[in-house]
Amino acid sequence: MGIVARSRVKSPWIFHLNTGSCAGCDIEIVAALTPRYDAERLGCVLVGSPRHADVLLVTGPVTRQMLPRFIRVYEQVPEPKVVVAVGTCASSGSPFLGGQMVEGPVDKIVPVDVYVVGCPPRPEAIVKGIVTAVKKRFG
Amino acid sequence: MFCGVKGETMDVITAFLLTFPIVFVISLLFDGIDRKIHARMQRRVGPPIIQPFYDFIKLLNKERIVPAMASSQIFTVLPTLAAASSILSSAILFTSVMSGTSFGGDLVVVFYLLAMSSVLVTIGGSSSGNPYGAIGFSRKMTMLIAYEVPLLLSFLSVFLKINSTSYYNAILTQVKVGSMLALAFPSMAVSAVAFLLCIPAAADAVPFDVSEAKTEIIYGPLVEYSGPYLALFKLAKASSNLSLTFLACTLFFYLPALFGDGDSLWLGAFIVCLLLALILWFLTITVPRTVFARMKVGQAFKFYWIVALPLSVIAVVLSALGL
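Chains A and B are the protein sequences, given in the same order.
For the first sequence, position 61 (counting from the first letter as 1) is numbered 61 according to my numbering, and the numbering increases by one without interruption.
For the second sequence, position 244 (counting from the first letter as 1) is numbered 244 according to my numbering, and the numbering increases by one without interruption.
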């Protein structure tokens, strides 16, 4: 692995986007960053601006209101970027699939690298999802 | 121009050129140690010590985005200037200690370069066209007024004490006295306290990071910066922190002075000063940012004008009285 690829794998900065989720997955993402699971040991930092991010963590089925904003945030993330769909809603649209206000799931709109399923998924699974995504893409 | 006691001009130039890679490596390394200790104090494993190097290389190889609303020339030039000025400030200090040379007024230059790098970051933020950048700009300007005045007065008290504006004369004074400046004179002890109080604000560390405030105004001036620009700003911040702590430890706590003035001691003295700078970094940046929560702009401003400013005024008065 080259030094650039290694650096990319070792320093995935996360931006978290809620596209109409119930906040269950969002709370699990926050839990994954707490000292107990400590995602920073793998170099993950939660950043507040999509301009700084490498990994886009998307939760929720994409609602009609969120669709243009979701595409805009996706385009604001500089290349190379990775998308991780967190939760069953983001992965498959689950109970909301086909609803009149739902445009999702996420992979209908942007390419998704890793799906982390669960309602909500456990923090360990989210950390694993991030690591798998960057390794698959850059490693 | 050089008023050193030893060292040919060529040696000084070689030492000066050598310091740039040293500043680059040491500042990022200290930043990594800071993050590791911060994590350990929160009972976490924490990132590896070389994490800032990974971040730097990764950011250098990312896409550069210049927002349509930004004034693109200012936006793209400023990161380089900010990194250059803060690395230069560290390089001047390192060269002085390593080669035993300095020029008159270099402390003024270092003070100017340090202020310059923080001003450039905020101007970059305000040129990005993002409202958060503008809020960050106004907050940083408020903080600059708050901490630059006590910092400048602290410098002034040192100038009065050593009767010179040259950095190396401050070190020579300590070698001559055979003790650290802060231990030898009461005025310098007060001045050192004022200086150390100003470091967290100058470093944008947590109790005083109102201009960046990542959970509030999402990094303020840095909000629109991506890729290599962000990498340069991170480097600028790390090396300005290094410069501040190194300056504090050599101006006030020059430990090698206690062991006399040996000719072969200079590289050793430099390493001792670096270790001392790391300890000061821990005490003035890592501990406050782990222990305290963020202040409001008004509270931070009040702290500097009620606590640090009177201390630095007292230091100047004591220094002028010859204490």
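If you are wondering where the hints come from, they were derived from the structure by calculation, not from laboratory data.
Predicted, not measured: the structure shown is a model, and the values here were computed from it.
Note that the Cβ used here is the ideal one computed from N, Cα and C, for glycine as well.
Treat the hints with caution; some may be incorrect.
[To be verified] Only pairs whose alpha carbons sit at most 25 Å apart, straight line, appear in this in silico DMTMM-like list of lysine to aspartate or glutamate:
1. B:K36 to A:D38
2. A:K128 to A:E40
3. A:K136 to B:E63
4. A:K135 to A:D113
5. B:K36 to A:E124
6. B:K214 to A:E79
7. A:K135 to A:E75
8. B:K214 to A:E40
9. B:K214 to A:D26
10. B:K214 to A:D107
11. A:K136 to A:D107
12. B:K36 to A:E40
13. A:K135 to A:D107
14. A:K135 to A:E103
15. B:K214 to A:E75
16. A:K135 to B:D11
17. A:K135 to A:E40
[What the hints assert, rightly or not] Selected chain B positions facing chain A (Cβ under 10 Å, derived; list incomplete):
18. I33
19. R35
20. N61
21. K62
22. F159
23. N163
24. F292
[Unchecked claim] From chain A, some residues computed to sit far from chain B (all C-beta separations above 12 Å):
25. W13
26. D26
27. I27
28. L46
29. Q65
30. G98
31. V112
32. Y115
33. E124
34. T132
35. K135
Evaluated hints:
| no. | hint | verdict |
| --- | --- | --- |
| 1 | B:K36 to A:D38 | 12 Å, holds |
| 2 | A:K128 to A:E40 | 13 Å, holds |
| 3 | A:K136 to B:E63 | 20 Å, holds |
| 4 | A:K135 to A:D113 | 10 Å, holds |
| 5 | B:K36 to A:E124 | 22 Å, holds |
| 6 | B:K214 to A:E79 | 22 Å, holds |
| 7 | A:K135 to A:E75 | 22 Å, holds |
| 8 | B:K214 to A:E40 | 16 Å, holds |
| 9 | B:K214 to A:D26 | 18 Å, holds |
| 10 | B:K214 to A:D107 | 30 Å, violated |
| 11 | A:K136 to A:D107 | 17 Å, holds |
| 12 | B:K36 to A:E40 | 10 Å, holds |
| 13 | A:K135 to A:D107 | 20 Å, holds |
| 14 | A:K135 to A:E103 | 29 Å, violated |
| 15 | B:K214 to A:E75 | 21 Å, holds |
| 16 | A:K135 to B:D11 | 47 Å, violated |
| 17 | A:K135 to A:E40 | 16 Å, holds |
| 18 | I33 | 15 Å, violated |
| 19 | R35 | 8 Å, holds |
| 20 | N61 | 5 Å, holds |
| 21 | K62 | 5 Å, holds |
| 22 | F159 | 41 Å, violated |
| 23 | N163 | 47 Å, violated |
| 24 | F292 | 17 Å, violated |
| 25 | W13 | 8 Å, violated |
| 26 | D26 | 15 Å, holds |
| 27 | I27 | 16 Å, holds |
| 28 | L46 | 9 Å, violated |
| 29 | Q65 | 22 Å, holds |
| 30 | G98 | 35 Å, holds |
| 31 | V112 | 20 Å, holds |
| 32 | Y115 | 24 Å, holds |
| 33 | E124 | 15 Å, holds |
| 34 | T132 | 18 Å, holds |
| 35 | K135 | 14 Å, holds |
Checked against the numbered hints above, the structure violates hints 10, 14, 16, 18, 22, 23, 24, 25 and 28; every other hint is satisfied.
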